[in-house]
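J.: Listed below are the residues making up each chain.
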Amino acid sequence: EDQVTQSPEALRLQEGESSSLNCSYTVSGLRGLFWYRQDPGKGPEFLFTLYSAGEEKEKERLKATLTKKESFLHITAPKPEDSATYLCAEAIGSQGNLIFGKGTKLSVKP
Amino acid sequence: EAGVTQSPTHLIKTRGQQATLRCSPISGHTSVYWYQQALGLGLQFLLWYDEGEERNRGNFPPRFSGRQFPNYSSELNVNALELEDSALYLCASSKDRAQETQYFGPGTRLLVL
Numbered sequence: 556e557d558q559v560t561q562s563p564e565a566l567r568l569q570e571g572e573s574s575s576l577n578c579s580y581t582v583s584g585l586r587g588l589f590w591y592r593q594d595p596g597k598g599p600e601f602l603f604t605l606y607s608a609g610e611e612k613e614k615e616r617l618k619a620t621l622t623k624k625e626s627f628l629h630i631t632a633p634k635p636e637d638s639a640t641y642l643c644a645e646a647i648g649s650q651g652n653l654i655f656g657k658g659t660k661l662s663v664k665p
Numbered sequence: 045e046a047g048v049t050q051s052p053t054h055l056i057k058t059r060g061q062q063a064t065l066r067c068s069p070i071s072g073h074t075s076v077y078w079y080q081q082a083l084g085l086g087l088q089f090l091l092w093y094d095e096g097e098e099r100n101r102g103n104f105p106p107r108f109s110g111r112q113f114p115n116y117s118s119e120l121n122v123n124a125l126e127l128e129d130s131a132l133y134l135c136a137s138s139k140d141r142a143q144e145t146q147y148f149g150p151g152t153r154l155l156v157l
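Sequences listed follow chains A and B, in order. Numbered as in the working numbering, the first sequence ends at 665 without a single skipped number. Numbered as in the working numbering, the second sequence ends at 157 without a single skipped number.
Heads up, a few of these hints could be off.
[Unchecked claim] Quick list of in silico lysine-lysine cross-link-like pairs, BS3-like style, CA-CA up to 25 angstroms:
1) A:K597 <-> B:K57
2) B:K57 <-> A:K612
3) A:K660 <-> A:K618
4) A:K624 <-> A:K664
5) A:K624 <-> A:K597
6) A:K624 <-> A:K614
7) A:K634 <-> A:K624
8) A:K634 <-> A:K614
9) A:K614 <-> B:K57
10) A:K623 <-> A:K597
11) A:K597 <-> B:K139
12) A:K597 <-> A:K618
[What the hints assert, rightly or not] Some chain A residues flagged as far from chain B (calculated, every beta-carbon gap over 10 angstroms):
13) K597
14) T604
15) K624
16) P635
17) N652
By construction, these hints were calculated from the structure, which means they are not laboratory data. The C-beta atom is built at its ideal place from N, Cα and C for all residues, glycine as well.
Isolated chain A, as found in the complex (with noise of 0.2 angstroms):
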């Protein structure tokens, strides 16, 4: 079953206290690996697009990195308003759709 899995569901970091959000995912037939930040009752904002083990993409305090079963989003000396919901979402074979996972809830003090 295409599945995947975001750890931790929740993450309260100090503002610049650097750390990763783990993504697993389906292997066989990825087409795509893409991560997305969501605030409270707004649609998603799209981030990175991964589509090879070993390609890395980089944003301001993010990078989002692909192994051949994981990506990481790292966050880099974090400020508050980078609190938001990181989803992962992958893209298997000629579906369409994308497959999200639940998502880790970032939150960032002061």
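Mind docking chain B on chain A? Use the hints.
T.: Only chain B this time, still in chain A's reference frame:
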């Protein structure tokens, strides 16, 4: 460049009624996707339209239906509303059906009383 737009932002209906939600994709995007995000649950795939055709649907009953218009905008219809249909309905678009990145709209919050 304008993003994905959805209307209305909020919708309140009573059980048994019908709801119609609308979505306009990013200019140049031909694929439109609908997702449901119920409280405490992840995003669940509903429907995928491309070039006016339904290409795939998720594990939802037939009372969830929709269509895509020639200008690529889309409509989601939910018939015989049930209380558990209360959720945030999200529309996303992509350039084509080659698994391009999906960009999401702000969503329509549907409340069924």
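J.: Next step is simple, just say for each hint if it's right about the structure.
T.: Checked hints:
At most 25 angstroms may separate the alpha-carbon atoms for a hinted pair to count; K597 of chain A and K57 of chain B meet this at roughly 21 angstroms. Note on K57 of chain B and K612 of chain A: the hinted pairing is violated, with a Cα-Cα distance of about 43 angstroms set against a maximum of 25 angstroms. Taking the CA atoms of K660 of chain A and K618 of chain A, the gap is near 17 angstroms; set against the 25 angstroms cutoff, the hint holds. For the suggested pair K624 of chain A and K664 of chain A, the alpha carbons sit about 31 angstroms apart, so the restraint of at most 25 angstroms is broken.
Distance check on the hinted pair: K624 of chain A and K597 of chain A sit about 29 angstroms apart at the alpha-carbon level, beyond 25 angstroms; violated. Distance hint between K624 of chain A and K614 of chain A is fulfilled; the C-alpha atoms sit about 23 angstroms from each other, no more than 25 angstroms. Proximity of K634 of chain A to K624 of chain A is assessed by CA-CA distance (about 29 angstroms); at most 25 angstroms being required, the pair is judged violated. Only pairs whose Cα atoms come within 25 angstroms are accepted, and K634 of chain A paired with K614 of chain A is accepted, the gap being roughly 14 angstroms.
Our distance criterion of 25 angstroms between C-alpha atoms is broken by K614 of chain A and K57 of chain B, whose separation comes to about 41 angstroms. Distance hint between K623 of chain A and K597 of chain A is unfulfilled; the C-alpha atoms sit about 31 angstroms from each other, more than 25 angstroms. For the hint pairing K597 of chain A with K139 of chain B, the CA-to-CA distance comes to about 22 angstroms; that is within 25 angstroms, so the pair holds. Restraint check for K597 of chain A and K618 of chain A: satisfied, since their Cα atoms lie roughly 23 angstroms apart, inside the 25 angstroms limit.
Not every beta carbon of chain B lies more than 10 angstroms from that of K597 of chain A, the smallest distance being close to 6 angstroms; the non-interface claim is violated. Against chain B, the non-interface label of T604 of chain A is violated: not every CB pair exceeds 10 angstroms, the least being about 5 angstroms. With 10 angstroms as the threshold on Cβ separation, the claim that K624 of chain A sits away from chain B holds: the shortest Cβ distance comes to roughly 20 angstroms. No beta-carbon of chain B is positioned within 10 angstroms of the beta-carbon of P635 of chain A; the least distance is around 23 angstroms.
Not every C-beta of chain B lies more than 10 angstroms from that of N652 of chain A, the closest at about 4 angstroms, which undercuts listing it as non-interface.
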